[in-house]
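Participant: Working from the sequences, and respecting the hints, build out all of it.
Residue numbers (the working numbering), protein chains in the order written: chain A, 98 to 428; chain B, 174 to 484.
Read the hints as simulated data drawn from the structure, not as lab findings.
Any given hint might turn out to be false.
[To be verified] In silico SDA-like cross-links for lysine to any residue, where the CA-CA straight-line distance does not exceed 20 Å:
#1 Lys127/A to Pro440/B
#2 Lys447/B to Thr107/A
#3 Lys462/B to Ala124/A
#4 Lys105/A to Gly381/B
[What the hints assert, rightly or not] Derived Cβ-Cβ restraints for the label pairs, each shown as a range:
#5 Gln246/B to Gly403/A: 44 to 50 Å
#6 Glu374/B to Gln157/A: 33 to 39 Å
#7 Cys363/B to Thr107/A: 24 to 30 Å
#8 Lys220/B to Ser399/A: 43 to 49 Å
#9 His394/A to Ile194/B: 33 to 39 Å
#10 Arg295/A to Gln246/B: 48 to 54 Å
#11 Pro172/A to Gln246/B: 43 to 49 Å
#12 Ser244/B to Ser128/A: 35 to 41 Å
#13 Ser320/A to Tyr217/B: 40 to 46 Å
#14 Arg283/B to Asp130/A: 37 to 43 Å
All values derive from a computational prediction rather than experimental measurement.
Where is the CB? At the ideal position from N, CA and C, for every residue including glycine.
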Amino acid sequence: MSVLSLTKMTLEEFHNLKYICGLLVFASLKSLDLLRMANLEELWTTTSGFEIQGEESEAQQCFPVLSEVRITCCPKLNVKPYFPPSLLSLSFEESNEQLLSPCSFSLLPRPANESSSSCNVQSAAPCLRELQLRNMMGSSSSWELLQNHTELEILHIQCCNDLKQLPDSIRNLTSLRVLWLTECKRLCMLPEWLGELRSLQSLYVFMTPLIDSLPQSAKRLTSLVSLQICRWDKMKELPDVIQHLTSLQVLNLALCPALTVLPECIGELSALRRLQIQHCHALQCLPQSLQRLTALHELHISSSPGLARRYNQGVGPDWQLVSHIPDVRIN
Amino acid sequence: MTLPESIGKLKKLQTLEFNYITDLETLPQSIGNCQDLQSLQLNYCEKLRKIPSSVGRLRKLRVLHIIGCSSLQQLLLEFNGELSNLMTVNLHGCCGLQDLPTTLSCPKLRTLDLSETKVTVLPQWVISICTLECLYLQNCEELLDLPKGIINLKNLEVLNLVGCSKLQCMPSGLRQLTRLRNLGSFAVGCGGDDARISELENLDMISGHMEITNLKYLKDPSEAEKAMLKRKNIWSLDLSWSSSQTKEELVSDVEQDQCVLNALEPPSKIMFLKICGYRGPILPSWMVKQNDSSCCAGILFKQASLCPFFL
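Facilitator: If you want it as structure tokens, here you go:
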């Protein structure tokens, strides 16, 4: 069987295909991409895609070792009976929101009200580690799927333009290490429960012009190592709450045109190794407390003329404030 | 940096190699006096614009490598010697290189690497080198055509055409290149003179990665069957109907696509498979359970001997 040794398969632009079903067992397939399948309605992940009396027990997983799935521009697609439990990484772009409903996933223990049409395939609990959601349609709903995936470690939410606030279902993701929020133009604030994501190590919030602060609960993000903020158009000052981020090693501020002040409490970030400031035109000075940051090894300032004048290497009037930092780059 | 003319006095120089000399623009004409030179390598010299014609006098030259020199636009345009010992010419990644010499005599050349250059056609002298074994053309995105005479290069083992996106057909007679082990890409042509896909039938040593493009022009599924992809040692396969999808497609195309894809079953060692632009309403028979003659999701289809019908 030629499909036995397949490890990666991409199916793209099958405009007349409605169903992927009755498949053989793709015993080695690790990665599956379905791209631009405008009319695809169903992907069956078990060999028996329908129920005939007495045959349920024969149903087999078509993709026993599948770990990575990418679904792009498949607006009608649903997965039946559910994604293979071996899945580690899942990426959706411009696709049906239905895919995000809990019934797209098999969970043990099964919910009591499981619909009778589901296949009787035995499966382990899913172990999804990484989820990317990009340009999802109607993304204002709650993305219930997330609350069941407490093992999720990396979550990317990109270009979900109807998203006004983060769905509460993210709150349960206590294993989350990396959270990317990018180009969600209507997202107006980070939720007060953000601090409950206690495993969070990297928080990237890019191109979210309506966000202007971190919630108070952020002080509980004591594992946070990297905080990167880009295009928070309205943020005037960096919130004081960051002083509690005692594990923070990297702080990156870019394109924050209203930012005028960095608080003195930055001096509490004893683990900070790298501070990067780009395109912050209104920022005129750095806090004096920078001198206390003995771990700070890199200071990179670019396209921020106010700062460049003051702290320019060797010649700026306040160069002394940063002269103790081994790697200073100002341009 | 410029080299002194006196370099021509190095009569015993056998190897000259410059790597990453980013301000080197050319070599002095006197290089032609280094009569013992066997290997000339100028790699990643990004300002190198010109190779002096005197290089044509280097009778003992065996290896000429000019790799990744992005400013080089032409090579030895006026050239009339004979590089009778030249075995290897490698111009990989000279991404500005458009023009090759119109005449060049190198009767012992084994390897010519023009990959990632801007060449649009292969000059006639290339197809007269009977010794040529390896012709690398991958990612020559401007290459429009292969000369018909290429089928006379009977020693050719590598004719790598991966990523030659403007190539719309292959010359007929390709089946004669029985030593080919790397082809990389086959574009199904729509003209009467173009190679049929069935010419792959006996090219059983073809291995590695293979792309088949323009499958929309393949009208006869039995030709696809004759291609015998199953028998090749291919581990990565891209099948592409076309990138541009038009709406007014005939129903017959749809059925044809099904039969074509059924016939293009990959070999059992296949690891990577990409299929793009297939218009059939069901998956190929080699992906689905053959005894699944019944329904899926309420839609019935039957499996006929070659073409399944979609009811």
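Participant: Of the hints given before, which are not true for this structure?
Facilitator: Numbers 8 and 10 - these are the hints that the structure violates, sorted from lowest upward.
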